[in-house]
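Residue 7 is where the sequence shown starts when you use my numbering, and the numbers rise one by one after that.
Source of the hints: derived by calculation from the structure; they are not laboratory data.
Errors might be hidden in some of the hints.
For each label pair, taking beta carbons as the anchor points, the in silico distance ranges come out as [to be verified]:
| hint | residue 1 | residue 2 | range |
| --- | --- | --- | --- |
| 1 | E129 | S43 | 32 to 38 angstroms |
| 2 | V116 | E51 | 34 to 40 angstroms |
| 3 | Q57 | R125 | 17 to 23 angstroms |
| 4 | T45 | A122 | 22 to 28 angstroms |
| 5 | R115 | S54 | 33 to 39 angstroms |
| 6 | P120 | R42 | 32 to 38 angstroms |
| 7 | E33 | I72 | 15 to 21 angstroms |
| 8 | R25 | S117 | 17 to 23 angstroms |
C-beta: ideal position from N, C-alpha, C; glycine also.
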Amino acid sequence: MHNLHQTPTAAMAINSDERAFIQAFGERLAVLRKTRSLTQVQLAERLSVSQQAVTAYESGQRRVPISMLPLLADTLGVSIEELIGTPTAAKRRTGKRGPAPKLQQQIERVSQLPKARQRVVSEVIDSLLAQAGR
7 MHNLHQTPTA AMAINSDERA FIQAFGERLA VLRKTRSLTQ VQLAERLSVS
57 QQAVTAYESG QRRVPISMLP LLADTLGVSI EELIGTPTAA KRRTGKRGPA
107 PKLQQQIERV SQLPKARQRV VSEVIDSLLA QAGR
């Protein structure tokens with residue numbers, strides 16, 4: 007039986023690849039929020055969280071709960087795929103074939119990682135896409 011009430015330490019144990027993803031997600035969240043001229047306080051109110059939680063999400067100090075992704079994407083007017091930074095989002099947004107320049111740079115950076123880290127990045131993306139597809 008899966009314990010939903012894990013200790014904070016067990017629930018927050020992450021490796022460096024996950025940390026990098028959380029950091030990049032936070033940076034993307036901040037850009038999307040600012041692009042929509044929302045303050046952290048305004049976003050926090052719409053998400054029913056504290057302004058400190060939004061600060062922690064944007065700084066990569068705290069993970070955004072997966073259950074919050076649909077509301078967050080809707081609030082920012084983007085798809086979940088665009089929010090998490092998947093290749094399909096860039097393709098739909100630009101209407102062009104192939105990845106957007108920033109995404110291409112990210113793909114190139116990932117391709118330079120050791121194979122084990124590439125697998126972790128791929129697994130994280132696959133997991134997020136599976137959650138978004140529900």
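Q. Does the Cβ-Cβ separation between E33 and I72 fall within 15 to 21 angstroms?
A. Check passed, 19 angstroms falls within 15 to 21 angstroms.
Q: Given the hint of 17 to 23 angstroms, check if Q57 and R125 actually sit that far apart at their C-beta atoms.
A: This hint is violated: roughly 36 angstroms between Cβ atoms.
Q. Measuring from beta carbon to beta carbon, are R115 and S54 in 33 to 39 angstroms?
A. 35 angstroms, holds
**Q.** CB-CB spacing for E51 and V116 relative to the 34 to 40 angstroms hint
**A.** 35 angstroms, holds
Q) Does the hinted range 22 to 28 angstroms hold for T45 and A122 at CB? A) Since the Cβ atoms of T45 and A122 sit about 40 angstroms apart, the hinted range of 22 to 28 angstroms is violated.
Q) Does the Cβ distance between P120 and R42 fall inside 32 to 38 angstroms? A) 37 angstroms, holds
Q) When you take the CB atoms of R25 and S117, is the distance between them in 17 to 23 angstroms? A) 19 angstroms, holds
Q: For E129 and S43, compare the CB-CB distance with the range 32 to 38 angstroms and indicate the outcome.
A: 35 angstroms, holds
Comparing the model with each numbered hint stated earlier shows that hints 3, 4 do not hold.
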